[in-house]
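**Student:** If you want the building blocks of each chain, they are given just below.
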Amino acid sequence: MNATRQFRAAVIIGYMLSITWLRRNLMSLVWLFATPFSLLFIITVTTGGRSFALGVVGSLLLVLSTVGTGIAGDATWYRLETKLQDFFVASPVNQIGYLLGIAFAGLFFASPALVVLLPLLVYIGLPLISLPVVLLSLAGVWLFSSAIGYLVSTFTSNLRNGWQSGLLLSVLVGIIPPVFYPAEILPHNILLVAYAIPTTHAALLIRDAMGAAPNLPYWSPLTGWLLIAVSLAIALAVTSRVARWRQP
Amino acid sequence: MTLNSIEAVSLSKIYHRSRTQALSDITLSIGRGEIFTLLGRNGAGKTTFLRIAATQLMPTKGKISVLGHDARDEPLEIRRKIAVVPQEGGTIGPLTPWDHIYLTLLARGLSRGEARGRAEKTIEQLELTEYRNQPADSLSGGLRQRVRVAMAVATDADLIFLDEPTLGLDAVSRRRIWGVLNEIQKEGRSLLLTTHYIDEAEILSNEVAVIDRGRKVLSGSPTELLRNVKERVRVDIVGSTFSSEELNSYGRVVKLAERFRVLTDDQRGRELADEAMKRGSDVGLARVSLEDLFVDLVGREEE
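Residue numbers (the working numbering), protein chains in the order written: chain A, 1 to 248; chain B, 1 to 303.
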């Protein structure tokens, strides 16, 4: 199958594993909304509303990074329990098509939260003209998280470890980096570590797009984009080379 | 173009993590348009062979070509023409049988019209019409297994791999699946299946290979394989009043729970059956089957 057909397959797999599921299982929505909206609520209440904007940015990034890193658990389930991966290995769908399909499923799962959070972001000050910048940075985080989630899943030998890895990755990519709080409060050395995670740059770029330009050492919108692009390229390259499609 | 759908030469597989030799020097040819069955006990290496041929697993040594392409180096060419029912998989929660079959056909690249037509036909063939719009998680285990089989047999693949396709199914469902597999064969397509149900191998297959501990023990058509059994008939006796010496004088005796099975020739079989009836025992007289051969081949060492 050529690239267009692989993309079509990915959209169909994404639809199959998310929309058909969501239509008959609304509980999945509650699960996805729970953590980011809880954090948004806590941050808003504890800062008297002053960090509401940061909370919305953090929630957006957490939703997209969680559906990506959650692939560590989902794809392990598809491989070990349903054997869906085996089914698609022995088919014209290739590994990238399958990975993209599972990533689309995550994105479709996230879409109700995005429908709430993106208009909220515009309402609290994001100029509409900057919306593409936000969408692009969110896409970078989603693809990066999906690639590493999938990579981890292919090396996971049991389902419990799959879910646990997904949760751990979600904390490392979506909660600990400065997405819910200003990066400026981090000590210098820790800030440098945070620069290695693309969600940091996505948060800073969204803040920049909202007119709250961060004032940080070695950082500018250009370096932010560059580091997102580099980390995404590395994640995709490692995943396509190392992830196990056919078992060794 | 090769006449065989699968050619394996000295194929071996070692799982390094568990240091298990799963396949050892297997050489097999599977003809086009055939139903070929790998028969063996649990852990014999059947699934390993199937997964290597279906390009899901790398072999350690040896060569295997599938539909004329090297499975190690040309997996993409093979994957366009195959479909698989993996062993003991599951269905996906709230998706219906229709979703499972129709959407996977679309993902494989079929047009909407073709996918719809094939899904409709397969749902009917496997008697899933009544359940087609029910969430899979509300279906029985047997129905879910039929859905999984349907996902592969609905495709246009030239070669279909089925790993224990009737595991856990009732007798009626098994026969329904056998019927569908026969219809696929009539279309000129090939099937490789694994099973440890001996009747399934005997009824369904053109060729059978018996695998034990990673090695091919015997292969051929079910009729050819039966020529390897010396005896012609088996006499099952329940509530025997015979001594061991008496039974041994008729032929080879196998103890099966509360019954004795005597494997022997036609004449002595009839004599023993008559004598057992005179003595008031329950008796069954039948031709030897693949099961007798199988137990002979793979069970002897254990006894």
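Please keep in mind that the hints were generated in silico from the structure rather than gathered at the bench. On a predicted model such as this, the values are computed, not experimentally measured, just so you know. Glycine is no exception: its CB is placed at the ideal position from the N, C-alpha and C atoms. Please note: incorrect hints may appear among the correct ones.
[Claimed, not checked] Under the rule of at most 25 Å between Cα atoms (straight-line distance), these lysine to any residue pairs were calculated in the SDA-like manner:
id, chain 1, residue 1, chain 2, residue 2
1, B, Lys-61, A, Ala-3
2, B, Lys-81, A, Ala-233
3, B, Lys-63, A, Thr-82
4, B, Lys-81, A, Gly-48
5, B, Lys-63, A, Gln-247
6, B, Lys-81, A, Arg-246
7, B, Lys-61, A, Trp-245
8, B, Lys-61, A, Arg-244
9, B, Lys-81, A, Ser-38
10, B, Lys-121, A, Leu-172
11, B, Lys-81, A, Gly-211
12, B, Lys-121, A, Phe-155
13, B, Lys-81, A, Arg-207
14, B, Lys-121, B, Pro-135
15, B, Lys-61, A, Ala-34
16, B, Lys-81, A, His-188
17, B, Lys-61, A, Thr-154
18, B, Lys-81, A, Phe-7
19, B, Lys-81, A, Leu-22
20, B, Lys-61, A, Met-1
21, B, Lys-61, A, Thr-82
22, B, Lys-278, B, Val-295
23, B, Lys-278, B, Val-298
24, B, Lys-81, A, Trp-245
25, B, Lys-255, B, Gly-239
26, B, Lys-81, A, Ala-3
27, B, Lys-61, A, Val-11
[Claimed, not checked] Chain A stretches covered by chain B per the calculated footprint, using a threshold of three residues with CB under 8 Å from any CB of chain B:
id, segment
28, 6-15
29, 74-84
30, 126-138
31, 197-211
**Student:** Return the numbers of the hints above that this structure violates; sort them in rising order.
**Tutor:** Failing hints, ascending: 1, 2, 3, 4, 9, 10, 11, 12, 13, 15, 16, 19, 20, 21, 22, 23, 27, 30 and 31.
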